[in-house]
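Chains as they are written, first to last, in our numbering: chain B, 138 to 825; chain X, 641 to 910; chain E, 2 to 162.
Honestly, the hints are just simulated from the structure, not real lab data. Glycine residues also receive a C-beta, built at the ideal position from the N, C-alpha and C atoms. It is possible that part of the hints are untrue.
[As the list claims (entries may be wrong)] Pairwise CB distance ranges (calculated):
| # | chain 1 | residue 1 | chain 2 | residue 2 | range |
| --- | --- | --- | --- | --- | --- |
| 1 | E | Thr141 | B | Ala710 | 25 to 33 Å |
| 2 | E | Lys101 | B | Ala710 | 28 to 36 Å |
| 3 | B | Ala529 | E | Met135 | 53 to 61 Å |
| 4 | E | Gly158 | X | Arg728 | 20 to 28 Å |
| 5 | B | Thr728 | E | Glu45 | 14 to 22 Å |
| 6 | E | Gly72 | B | Glu699 | 15 to 23 Å |
| 7 | B | Arg218 | X | Leu673 | 47 to 55 Å |
| 8 | X | Thr837 | B | Thr167 | 36 to 44 Å |
| 9 | E | Gly158 | B | Ala710 | 23 to 31 Å |
| 10 | E | Gly158 | B | Lys745 | 25 to 33 Å |
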Amino acid sequence: MVDPKHPDSKQSDAIGQSFKPGTRLSMPRTGLATLFTLLSAEGFRLVGPTLRNGAIVFDDIATPADLPVGWTDKQSPGGYRLEKRADQRAFGFVVGPHSWKQYLFPPKETLYQATFDPVAQLWRQSGNAAVGSGNGAGGTAFIGVRACDLAAIRIQDRVFIDGKYVDPAYDNRRKASFIVAVNCLEAGDLCFCDSMETGPEVTTGYDICLTEFDDTFLVQAGSGRGEAMVAQLPVQPASQAEQKDLASGLARCRRQMGRQLDTEDLPGLLFANLDHAQWDRVAQRCLACGNCTMVCPTCFCYSADEVADLGEDPAQRERRWDSCFSQQHSQIHGATFQPTIKDRYRQWLTHKLASWTSQFGTSGCVGCGRCIAWCPVGIDLTEEVAAIKADAETPVPLPAYQPVPTAQAAEPFATLFATIEATVTEVVAETPDVVTLSLVMPRGYQYRPGQFNMLSLPGIGEVPISVSGDRNGIVEHTVHRVGNVSAALSALRPGATLGVRGPYGSAWPLAQTPGRPVTIVAGGIGLAPLRSVMRSLAEQDRTTVARNIDSQWVRLVYGAREPEALLFNRELALWRQNAALRVAVTVDHSTADWTGNVGTVTTLLRRKEMPVDGLYLVCGPEVMMLAVVRLLQTAQIPPENIYLSMERNMKCAAGHCGRCQYGPYFICKDGPVFRYDQVAFLFGRRGF
Amino acid sequence: MAAKGVLPRVGVFKLASCDGCQLTLLDCEDELLLLAEKIEFVHFPEGVSFKASGAAEREGPFDLAIIEGSVSTPEQLQTVREIRRQSRALITIGACATSGGIQALRNFVDDDGVNHEALQKLVYAQPEYIDTLATSTPVSEHVAVDFELRGCPIDKGQLLELISAFIRGRSPAIKNESVCFECKRRGTVCVVVADNTPCLGPVTHAGCGAICPAYRRGCYGCFGPRESAATESLAAQMKNIGQSEPEILRAFRLFTAGAPAFEEESRRHE
Amino acid sequence: MTGTLNSVDARLFRGLSLFAGLDDKRLAKIASQFTPLDIPAEAELLQEGEDADQLYILLEGRVSLSVAIPGRAQHETVVSTLSRGQLLGWSALLPNNFWKASAHTLKPCRLLRASGKAIRDLCERDHEIGYCLMKNALVTVGQRLEDCRLQSLNIFGSEDG
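Only chain B is shown next, with the shape it has when bound in the complex (with noise of 0.2 Å):
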């Protein structure tokens, strides 16, 4: 059962497995030093808080010299200032702009290589994610990792490597880690961990846990390396005074937060008031920098780039810290669907504080408090919810989180990016800009109706492409020509071969349409990942108990902008001989010699039997569907019997790099394929 407030992983399990934090002992404050040379010593490069430019950052340090000793932040919104100290303690500061996400997930990162193949004239992806992991020969210590921050790796490890797919340069990132954790017994100025159950006590996931008196340091081991390191160390049992003094400081810090955040019910508080004037309010402030998101240790969206050189030096695919404020996060060819500054920060504030909870089991904040002081204007992400909250509906339900079973952690796609080869046997051309490319797959690729695969060409891109059939081995795949990629991939000739990884995403409800009446609904390409839908239904009146052709037929609503761009003519004409199957065309435009239906798919559909208890597949433009909807619950059907296949920016197909989020959904890994009751409270919604 997971708490969605004490966020745990894996990983973070994997350090503490069967481990009981030790007692606490004592250590002179000149222990420290000894602490930094013996993990020198095993050859772990040492990082934490130093003094630079105006603020307390992370980086390389060597002894505790390096730390900024005395030096304490004042924090307020979009403010940050060092302050002498009165004392001279070493960690007597809370957070700054840095956190540790930059080491175990860099802002840039190469994910793979390509070479040119001068003879086959292409370009072959070599190795994978194994280029640039790892930061030096022994791992990384974290020196000072406070408890909000140990939340905040632990909420990464979710994403990362405790999902369905997992990130190897994190997972080899994260395993030679050694974290040296320290309590906070004094709050920040913007802090509020104790709302979010995240701190201010280090509890798990550590490897030493350190806190910090005048005289002494309190050590702690919370693993089996953390204890055979604190047994080098000048070690004694902590005194009851200083034990007191642990006690009296934490519970004195969580009466001093500079924040606060009222969590109850928040999730789904949020998605019950995504009209509120607030979003208008905070839209005309935020200048969508993203600066939030840089220095907030959760946020994980990334973008992914072709990056090549003119000369023969290898094609490199190389990812970047990216944002939900950049407009290249919402795009996909022709569309952009969070446009305004007010679908951004929405977006940004429903993710980190609802949709994270459905993703991930935990919330996306941790309270460090970094995107208040960090904002240019100064916006308070507590002050938002606040208002929100002053006069909100009622909170609406949101999907539950669905852990993801270990054994199933291991899939055969599971290394992200690594494609296989694939060979083009047979390119079709369906229309003056649609082709299908017929690719052969090894043995043992499985898909179901609905999925898509990742179509890779390094050097050009890589792109989302649903499956659009399969006959003896050969997966075809119908391209829409949009874009440079998919130009790229409708260039490809037969022999020409490609990287392909997959299968992605959920799939049609096969399960459900026998017995049934099926009407399956489709505009323009959108019949490409139905149309093995429509095979394997014509399929199963032939090998199956005949459907009775008069309560449990198939029904084909097909439209397309024009009679030039009607896919799969063949097959159509092939369908329509079948009995159990009725196939109905229209085109928005008709040219001089088209007599067949003109008008939208919905004209037609209407004119159509819709019983209740039929099953409806929806496939095509999104306002194509919002309007067959529509007409739908019209006809009362009930939405657990409409499916419908989504479309967003895609990268990763894993969901790690953040893109393709539909409210709490992944469109790559939930969808596309979403029955309509779960996306009924998004669908048609502007900034989503």
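Chain B is fixed; fit chains X and E onto it per the hints.
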């Protein structure tokens, strides 16, 4: 893309500018030699000796035209249209070509009741030799532009990225995001929050790698406004930290004064 | 070739959405106004701009509605098609009206036709019939408006073309 085996024909053109962006291309040094293997510079007055810098028609057609400089004279207006006619793809480089440059400051003079002609008389002893348009405008105001590369000057790496992407047929990894993204990726401490320094980073298009804040200076906005530039909110913030109206106006009226988002904001502080 | 009044099945009328909600007596009154007819393919039924004086119900076949765009190579552009059970010529429900589009048969069609004036007079004399017909026609016209908006949005293209 040019036919296989034939190198893409590239023309580099200069309108009203300081030449710094073309110089960035020459600054490429090693990469320039590589470039010369991949593209054919058919017209590059600064880089390659020609008898005379001729009209586009003489040298064209071009697979790729690169234009530096703003449209400032009637002749340049014609040139830019000729270039577009002769080019399959056209990119503009630098603040002049993408926003009108510093010389776009003259676009504002009519507000003072001093019109363009009067300004010429003020500046030149014999203004009858001067034939300029009243405004200095970006190339995109006159012809369709396939990509605008910002900068004053442009960033060498970005230029190579753009040309590589063109040759390869992929999208260039050049993002319309704030300078703050680059600052934070570098680990620079924010000069606004820590030093109360005025900085246009949040509204400025990334590309330079956030150089100035790395030296504890505020961003000058050389790369022009990004999409969704919330200049009004930033101006309010600048006022809060003690900037006067004239100072705020000047901040938005520099290298990319002619860019609409910056122009509108500077006008609010007149 | 037209059939006689008796050959028209009252049950047929019962199933048409234009007449939903009418009681049997009123339905019979309405039905008596319609005569069936068969039209071959590629025949013109209505001409854009002409007086709207007939009401049609399409029983079988397909009819195209087209609009003339002067100067276009394709002078008549088909904007929509109608099929079984649909009303053609709603403009005739209003007096002094004209056809907003031309109509042609794409396949051999069987239709029911009534004089627009006769139907309008019937509606004036009996407001129950009038209200019912107008209500149902409004639903149909409203749906067509909704669909037309979607059709005009170029949903299969992108915002930049």
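Against the structure, the hints come out as follows:
no., hint, verdict
1, E/Thr141 with B/Ala710: 25 to 33 Å, "holds, 32 Å"
2, E/Lys101 with B/Ala710: 28 to 36 Å, "holds, 35 Å"
3, B/Ala529 with E/Met135: 53 to 61 Å, "violated, 44 Å"
4, E/Gly158 with X/Arg728: 20 to 28 Å, "holds, 23 Å"
5, B/Thr728 with E/Glu45: 14 to 22 Å, "holds, 19 Å"
6, E/Gly72 with B/Glu699: 15 to 23 Å, "holds, 20 Å"
7, B/Arg218 with X/Leu673: 47 to 55 Å, "holds, 50 Å"
8, X/Thr837 with B/Thr167: 36 to 44 Å, "holds, 40 Å"
9, E/Gly158 with B/Ala710: 23 to 31 Å, "holds, 27 Å"
10, E/Gly158 with B/Lys745: 25 to 33 Å, "holds, 27 Å"
Of the numbered hints given earlier, the model fails hint 3 alone.
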